[in-house]
Amino acid sequence: SLSDALNIGSRDPVYEVVEVSSKGTVSTRKVHRRHLLKSSGLRPRDIRSVDPSLWLTNTMPSLLVRENAILLNLGSLRAIAMQDSVFIFNYNRRGGKAFIDDLLPRLNPKSMIGGGVVMPFELEVVEAALHSRIQHFEHRLMDLDPHVQDLLKVLPNRLTAAILEQLRICKQTLVELGSKAGALKQMLLDILEDSQEIRRLCIVGRNCILGRNSDVECTVPLEKQIAEEEEEEIEMLLENYLHRCESCHNQAERLLDSAREMEDSIAVNLSSRRLQVSRFELLLQVGTFCLAVGALVSGIFGMNLRSYLEEHVFAFWLTTGGIIFGAIVAFFLTYSYLRAKKIL
Amino acid sequence: SLSDALNIGSRDPVYEVVEVSSKGTVSTRKVHRRHLLKSSGLRPRDIRSVDPSLWLTNTMPSLLVRENAILLNLGSLRAIAMQDSVFIFNYNRRGGKAFIDDLLPRLNPKSMIGGGVVMPFELEVVEAALHSRIQHFEHRLMDLDPHVQDLLKVLPNRLTAAILEQLRICKQTLVELGSKAGALKQMLLDILEDSQEIRRLCIVGRNCILGRNSDVECTVPLEKQIAEEEEEEIEMLLENYLHRCESCHNQAERLLDSAREMEDSIAVNLSSRRLQVSRFELLLQVGTFCLAVGALVSGIFGMNLRSYLEEHVFAFWLTTGGIIFGAIVAFFLTYSYLRAKKIL
Amino acid sequence: SLSDALNIGSRDPVYEVVEVSSKGTVSTRKVHRRHLLKSSGLRPRDIRSVDPSLWLTNTMPSLLVRENAILLNLGSLRAIAMQDSVFIFNYNRRGGKAFIDDLLPRLNPKSMIGGGVVMPFELEVVEAALHSRIQHFEHRLMDLDPHVQDLLKVLPNRLTAAILEQLRICKQTLVELGSKAGALKQMLLDILEDSQEIRRLCIVGRNCILGRNSDVECTVPLEKQIAEEEEEEIEMLLENYLHRCESCHNQAERLLDSAREMEDSIAVNLSSRRLQVSRFELLLQVGTFCLAVGALVSGIFGMNLRSYLEEHVFAFWLTTGGIIFGAIVAFFLTYSYLRAKKIL
Amino acid sequence: SLSDALNIGSRDPVYEVVEVSSKGTVSTRKVHRRHLLKSSGLRPRDIRSVDPSLWLTNTMPSLLVRENAILLNLGSLRAIAMQDSVFIFNYNRRGGKAFIDDLLPRLNPKSMIGGGVVMPFELEVVEAALHSRIQHFEHRLMDLDPHVQDLLKVLPNRLTAAILEQLRICKQTLVELGSKAGALKQMLLDILEDSQEIRRLCIVGRNCILGRNSDVECTVPLEKQIAEEEEEEIEMLLENYLHRCESCHNQAERLLDSAREMEDSIAVNLSSRRLQVSRFELLLQVGTFCLAVGALVSGIFGMNLRSYLEEHVFAFWLTTGGIIFGAIVAFFLTYSYLRAKKIL
Amino acid sequence: SLSDALNIGSRDPVYEVVEVSSKGTVSTRKVHRRHLLKSSGLRPRDIRSVDPSLWLTNTMPSLLVRENAILLNLGSLRAIAMQDSVFIFNYNRRGGKAFIDDLLPRLNPKSMIGGGVVMPFELEVVEAALHSRIQHFEHRLMDLDPHVQDLLKVLPNRLTAAILEQLRICKQTLVELGSKAGALKQMLLDILEDSQEIRRLCIVGRNCILGRNSDVECTVPLEKQIAEEEEEEIEMLLENYLHRCESCHNQAERLLDSAREMEDSIAVNLSSRRLQVSRFELLLQVGTFCLAVGALVSGIFGMNLRSYLEEHVFAFWLTTGGIIFGAIVAFFLTYSYLRAKKIL
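Protein chains in written order, with this note's numbering: chain A, 98 to 441; chain B, 98 to 441; chain C, 98 to 441; chain D, 98 to 441; chain E, 98 to 441.
Note: identical chains are not told apart, hence a pair may lie in one copy or across any two.
Heads up, simulated BS3-like pairs for lysine-lysine below, C-alpha to C-alpha not over 25 Å straight-line:
#1 Lys-127 with Lys-194
#2 Lys-250 with Lys-439
#3 Lys-250 with Lys-438
#4 Lys-120 with Lys-194
#5 Lys-135 with Lys-120
Honestly, the hints are just simulated from the structure, not real lab data.
Computed from a predicted structure; not experimentally measured.
Just chain A, with the same shape it has in the complex (with noise of 0.2 Å):
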């Protein structure tokens, strides 16, 4: 406590938060750090997780639940949500938006559909976080999974350099994706195994205590009921965004799989199609050298030297001869040598 003072308390950043109220107002806001965790009862080391001037640190997803309010950290989504009204930190990132276009219906009481028991709104709020950012991920995978499909069909026929860079691209986002889901189902595993954290969430904002024995002390006898049975619910509500979740990560961890080991068999591919190319070029190579045998010696003839054969009759039909059987003898001799050495 007193360390977070010091390294952060002698400056009073100032966040610029769009705050939707749980009437479904929203509005853009200012707001002193100091006032923050003086409204929201919070320690300054609690803000650091959502704190968006430390996104490159606080990337792993995380969802806290303090005793009258609950920070949120998905992704790009940085909230804190309380009793009346959630703070939004970066709103105008992507995560930020979705956010707010799933919370605003789910305030407006027209959209109910049959008198289903409502939620509180810090619950509404975890939801649409949840929701928000699953569906972004689903979405993502249903756009990259049709692309990463048609390319595994089209690779080993065409292997241009282009598709090899839209591979590139599917494997860099699919390793993203993936990590990012992983991130996701693993804090919702952790907060389903912690019986203790989804009492938490049951009694936030009310006037309830978590006992040491973890039971859930409250000052109206009928809260504590109510705090009963909304934890059976929070519990299906996460299971059902965890397994969600998670079958987008073992999706998104298929297409990779698969994209890998179509890389690894382009990799052979290629390896075994220079191999051929390498053995017509050594083909052509000792046809080649045998060539220039035969040119040195038709060259040497052509010097304007006397080598006295120039008036021999014949003399010109024997070399030639000799040359063009030499030539071909030669390539023969090193073809069939090459084929015994397995080389060729």
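Since chain A is already given, all that's left is putting chains B, C, D and E on it; use the hints.
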């Protein structure tokens, strides 16, 4: 709950399903989502896991047990089992057909051999679904196994493009098969580890409730006893399918590992053969270079320019000898240099 | 139960088995599946795990303890151990033969040294099966280990195709061996972790029942005591085989890792040698190119066309000098360019 | 205990340490090992983990809580925290300096904002150590992240040696960073899972004992209460640092994965481009071979030997036409052969 | 038990051992297996784990605690510790020698500094064994670490075969070291997790029994107290060695990871350099091809055949110009084609 309504409730999709009643009659029906929810007592978000329109994002197999229905999502089979009938969603896909073929004989009382205890309809459905799914894996594996074994035997000696392509396709199939069998195995493990889930499976459609401390409480005492006896039966049944699924998974992984190792070895093999080809090419190029020096000399003497050597006796033989001797000496000098440097 | 009947019951396969009685007599028999089920009290689906006709899909080792029989599936050994005899299914395969060779001496009372407590027949069968299986692993490993060590020593200096092929074959064998030892290890671990399973193993063929809270209840109090004493004995026996199996598994993995690292290093080694060859080739091609320029010049002057330079004194020497000087200068310019660009 | 004495006791090394007292005074001292053991009540083998002379073999971070001292080994920071002072061993290395810079302001009562509860000195030391270490990770990651992102964007188009070298260096740094962050994360997890360890951390330097059943027993009842309150505080503090450490670890792994995938893709990319180059080379060599045949023919007719064709009219044109036509035909025959064989 | 007798009992091997008594006397002895079993109260199958003749199949380190003896198998050290003496099996191998060197000073009462509690002889043996083994790991790591660091610094710039070979050897050593340290770590973890095993270690050679509910029961009450005090001491001792062993393991893995990443990077580096070489080769071949066309033309005009152009003024200059111009134009056309196709 509210959120589901908001997202999906505005439209009321109609599902085309095949209904198989517990008496074995098969009929095609159109079911309104709204109607389905009402009749089965399911929540909107439960339907997600079997909704065929979302097949890209709910690829993870799941078996959800609700109060009056069991939701099955096993790859291409999506079904809802209720007390008297089962709805199969994408019945035209392979999974749906195999399931119906597997289920129908079970419902035919004539085919019963010996008066074994008849399982409740829902459990017959679950078993038929698991059985048809795992048999599908086993059949694919039985097709693949000899093919891969053949490839592994043939490959080191016949590295043609066609055979490499076959290896690639086998690997892709194995990746997919292994991933699907692994997901199914995980699902079965999760159910087996969660004794509550198995108990819920026992009391589906019975007048029993699963109490707080996961004890079964029934209105009819006899039913409780049957449920308890069934519990063990279900566990053994699931364990049996788990074992078969694990067998498939392991076998697929083993074949995939073998294929991967083979590909790695082929890559090194090709690399070493390319080196051999390159080294012989180098040898030929050294030869060609030496011949080219000789050819240049002979070419120079072949120019129509006066060197005043033309008339010297033996100039021809001296030059010719010098060219040939020089080329051979240069070749062997370079050759021994390359040997010393271990390049050749 | 019903399902099994439906799937398999219509046909009644006949298994050819070797029966070894507890007195050591060996006989070949044909057993009807139906008869086998009746006499052993097994369920149809239990038989699956030892059915030799399904050997492709039940490759996972398993040791199933049922009321009156123990079903063994250890690779190529499939057997059912009952109170007085053991049925071995595919007795012609290596696993079955080794098992019989291991089992028979145990049944011969003469070979007992000191009056050690004689284990029940079923447990002797289980131990003989585990022993013959693990000894098989150990023998294969003892054959492979020196071979792999030799290869690893020889390889960096002798990268011939034959040696690479040997490395490949070793790797494939190690993958297979490691995977099989790993599966057996997992099976033993699973049994050791499940105290119920061990207790069931103790009371096989005795008039004892495993109660709800996994207490042993026997009709004869003495039997209970013996069973309890046996429990610890069995645990230590299984732990011993587990340790040997783990040793095999680890050793196989270690050798495989070494072989993989070796292959990776060879790939880089070959790559670096190919680069060296390529660089020398490039050097020669630069030389050949320069000679070709010279040859072209000399060829031009060798044309039977008049350049009117023919008669000029020193034209020959000037041109010759120019050709040689130009070729050398061009060579060194290119050479230093390539050095500067770090291509050579 | 005896062994330690035997191994190290004969020599009495002197450590040069920086001592920071709880009042904030910094002084350099030389401490005899023997004296240190006496004053701190530590055992010889405890010292091992912070002994700077063993820095190669105690690279694993550790936080050992002993009765009167806490031993800290966090990478390049080795320190012993006691009730009134902390000894920093290799204070000249980066870790030691960053730690002192982080610790000193915490000890300055003026810098306290608001009258927060002051933590005991040892805990301030632990927090300062963790904080300085994790901040070091975060800073390195913040430096690396944009650099790697830039590389990943630039790479596919600019495959120069310099950029590949940069990628290599980034990868090495990420491997190191990921491994260090992972080890620290594991250490924090181990502490958090071990409730005894945390309790021991609470009562360091107090007159309390940790009883058999891990209950805290204090001589002064008030101290027990404080210790219990502190426990939760420490847990939250450690969880906070764990979360930051996990963030670093995951981010480093993610970047490393991206870089690895990139390198794999580059390898395939390079392979495919080499194939293209080779194929064009092959094309040229086919051409050169055909020209060489022609050149040989023309060379043969250029020999100073009589072919008695010299005088024939059109012999020149016939031969020339034959050479050119033959070369072109040979080229296209070979070319179509290679296309049919899919080599070109 | 029976099985052991059957397999090994028929032969009675004689082991050559070094016996170190608790008073520090060292003597070489030959022990009959049968005698050893009798005197130590061990079972035949226990001996397996230390039998030097089986060193290929019992490579996993193990520490077996039996009633009157502790069996130690730590790599090349195989020993049986009894109440008054320890038998060392393959005492000529490095492990055995280091162990004796480590053990002897501990038995010398003079070397005790301060009157520390003397540990029982068996525990001194266990500690000496662990200490000598882990120190061996640490020394090898201290030798390897700077060597690998040097290689990693030198490598990117000096890719010679000798340095690659050194990297390969380092990797092989690290694989082996990491695997051995990992196995030892696992063994220590297993012991630490099994509180029964530690208790058994405490009461070795005492008149105590480990009861059913793993309580220690001694005939002399004092011994029970001592055993309980020792328990904590042993746990801390094992934890200390575990920590050192983990340090070694992690450091070896980290170095291996760095070396692997380095090798991957080198492969890409080599690949990119080969591409550069290939591209320059291609450039030269384009040039050579153009020159060859020119040379063919000049060769054609050099034939001793009449073209009737011989006498034309300017024919020479026209042809020469045509050849040179044509070659240059062809070169640049091909060059720009290759650039456009991104091959060059």
